[in-house]
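So the protein lines, in turn, are chains W and S. Every letter in the first sequence is one number past the one before it in numbering that gives the first Met the number 0, and letter 176, counting from 1, is 175. Every letter in the second sequence is one number past the one before it in numbering that gives the first Met the number 0, and letter 51, counting from 1, is 50.
Careful: at least some of the hints might be erroneous.
[Stated by the list, open to error] Quick list of in silico lysine-lysine cross-link-like pairs, BS3-like style, CA-CA up to 25 Å:
(1) W:K177 with W:K142
(2) S:K18 with W:K134
(3) W:K125 with W:K94
(4) S:K18 with W:K94
(5) W:K94 with S:K8
(6) W:K218 with W:K228
(7) S:K18 with W:K138
It should be emphasised that the hints constitute simulated quantities derived from the structure, not laboratory data.
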Amino acid sequence: METTLSFEKLRVEYRSRDLGETTKVAVLGLNLRVGQGEVFGFLGPNGAGKTSTMNVLLGFVPPTSGTARIFGVDVREPIARQRIGYLPEQTYYYKFLTAEELLRFYAGIFQVPKAQTEQRIDAVLKLVELDHARKRQIKTYSKGMQQRVGLAQALINNPDLLILDEPTSGLDPIGRMKVREIIQRLKAEGKTVFFSSHELGEVETVCDRVAILHQGELKTEGRVSDLLKEHSANLEQIFLKLIGYSPQP
Amino acid sequence: MNTIWALAKVVVLEMVRRKDFYVLFILTVLLTATAGSVNLFNDRSIVRYLKEICLLLIWASGLVIAITCTARQIPAERESRTIFPLLAKPVTRGQFLLGKFLGCWVATGLAVALFYLFFGLVSASRDHEWPVLNYLQAAWLHWMMLGIVVAFTLLGSIIFAAPSSNGTICFVSAAGILLLSRHLNKVALSLAEPLQSLLYAFYFALPHLELFDARDLVIHGAELIRWDMIALATLYAASYTAFFLFAAWLVFRRRPLN
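In isolation and in its complexed conformation, chain W is listed as follows (with noise of 0.2 Å):
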C-alpha cells in the first residue's frame, strides 16, 4: 500500500514560560505511517499532542527533530499542501463571503482551472447540502451550516487527503451522520482520511486503524478490529486502559 502520511521520529519542543522550565516536551518521537484509502483515527486526551502532530503536518509549527512527509514531500514545503484538505476543529471562515465566493476563493488558492471550479463548486455545494444557501452571505449560517461549508472548502481541491480535526464536535445528531456518510463516500472513492476525535464510537465504526497518543509518546497503533480482538473490550475501554485512567470506585 502507498504510504500518503508519514512521521519519522518526531519530535516538537515549545519554549516554556514557567519560570524553571525552559522547554515542554509535545510529541516524543513519533514514528507513523497512514496508507492510501485508509480511514486513520488520532486519537488521545487532552494534551496528548495531537495538535501539535496536526500543526506540524499543516506547517503552522516546524519539528524541532525528525520529519513528516505527505507523498513523500516534506510538510516544510507549500507543495505538500496541494493534495490535502483540510478542515479545522471550529468554523472558521471569512464571514462576509458567500459559501460560492469562499470556495471560488479557496479553488484560486490551489489554482483549479477555471473551467473546472464552477463544476468543483457545484458539487461539493450539493454533496454537503448548502446549494440552497450558496449565495447568502457566511455569518448568516446555523452552525451546523458554517460547519458544512467548512467541509466544503476542505473538498473543493478533490484533495487525495482529508485532515480532519474533531469534524463531529458540536454538531447535532444529524450533522454528525452526514459528516460520517461524507468520510465513507470519500473512503469508497479511495481517498486517505486522517482525523481526530474524541467521539470513540464514531471512530470505531468509520475508522480502519487507529493510534493513541498520550503525553507525546505513541501507545498503540493499530486496526480497529485487531485492538478489539485483542483487548477484548471496546474502543474506550482500550483508550482509558492504555492512558493508564482508572475509574474511582
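The hints should help you fit chain S onto chain W, whose structure is shown.
Just chain S now, kept in the frame of chain W:
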C-alpha cells in the same frame, strides 16, 4: 501571482462590504460638496483655500483608510482563526503578506481614486476646467505614498498585537513624517556632533512621504511634474515598500500562528 491576487481580492471585497469606508466617503462628499457650493464674491483665493481644505481631507481620509484597513488584516486573521485553513493550503507566508499588501493598497487606491474623481467633478463644476493630467499626477503620487504607509503598517501589525495601538503608532508616524521630516536636516545643522550626524542619518533613512504631496498641482494648477521625476518618485516608493515588506516577512516567517 494567482494566489497573491486571490488573497488581495478578498481584502478589497472586505473593504467594499464594510461600513467604515462609506462613512468616510460620505463625510468627505458632504464637506466637499458644501465647500464647492460656496461662492464668496467670486473670490478666487477663497475657492483655492476651500480646495486646499478638501484635499487635506482627502489626504487624511486616505491615511485613515490605508492604516485602519491594513492594521486589522493580520490580527483579524489570527483572532478569527481564518489564517489556519488558509495557511493549510499551498500558500507561503510571503505570499500571504504580499496578498494582504496588494489588497490593502488596491483597496486604498480605489478609495482615493473615488475621492479625487468626486473632488474633480465638484471643482470642474466651479472652475469650468478640468486639468486631467494634474489630477492624474497628484493622485498617482498620493497612491505611491500610501503604498509605503500600507507596507509599514503591515510590518507594525506583526510586531504590535493590538490593531488599535499599531494604527495609532502608524498614523502618528506618517503624520509626523509628512509634517516634520523636511525640517530635520535644518535642525541637524544647529546641533553638535554626534547628534548632528545621528539626526542626518535619521533624516536620510526616513521615507520622505512629503515628496509625494503634489496638492499644488490641483489647487494652484501648477506646471506638470516631469514624467521622469514621477518615475523616480515611483521607484523611491517601491524601494521603501519593498524594504518594509521584506522586514515584515523576516519577522513573520518563523512566528508561531497560535
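So, going through the hints one by one against the coordinates:
For the suggested pair W:K177 and W:K142, the alpha carbons sit about 14 Å apart, so the restraint of at most 25 Å is met. Note on S:K18 and W:K134: the hinted pairing holds, with a Cα-Cα distance of about 20 Å set against a maximum of 25 Å. Of the pairs offered as hints, the one joining W:K125 and W:K94 holds, with about 20 Å between alpha carbons and a cut-off of 25 Å not exceeded. For the suggested pair S:K18 and W:K94, the alpha carbons sit about 15 Å apart, so the restraint of at most 25 Å is met.
Of the supplied pair hints, the one linking W:K94 and S:K8 holds, its CA atoms being roughly 15 Å apart against a limit of 25 Å. A C-alpha spacing of about 17 Å is found between W:K218 and W:K228, which places the hinted pair at or below 25 Å, so the restraint holds. Of the pairs offered as hints, the one joining S:K18 and W:K138 holds, with about 16 Å between alpha carbons and a cut-off of 25 Å not exceeded.
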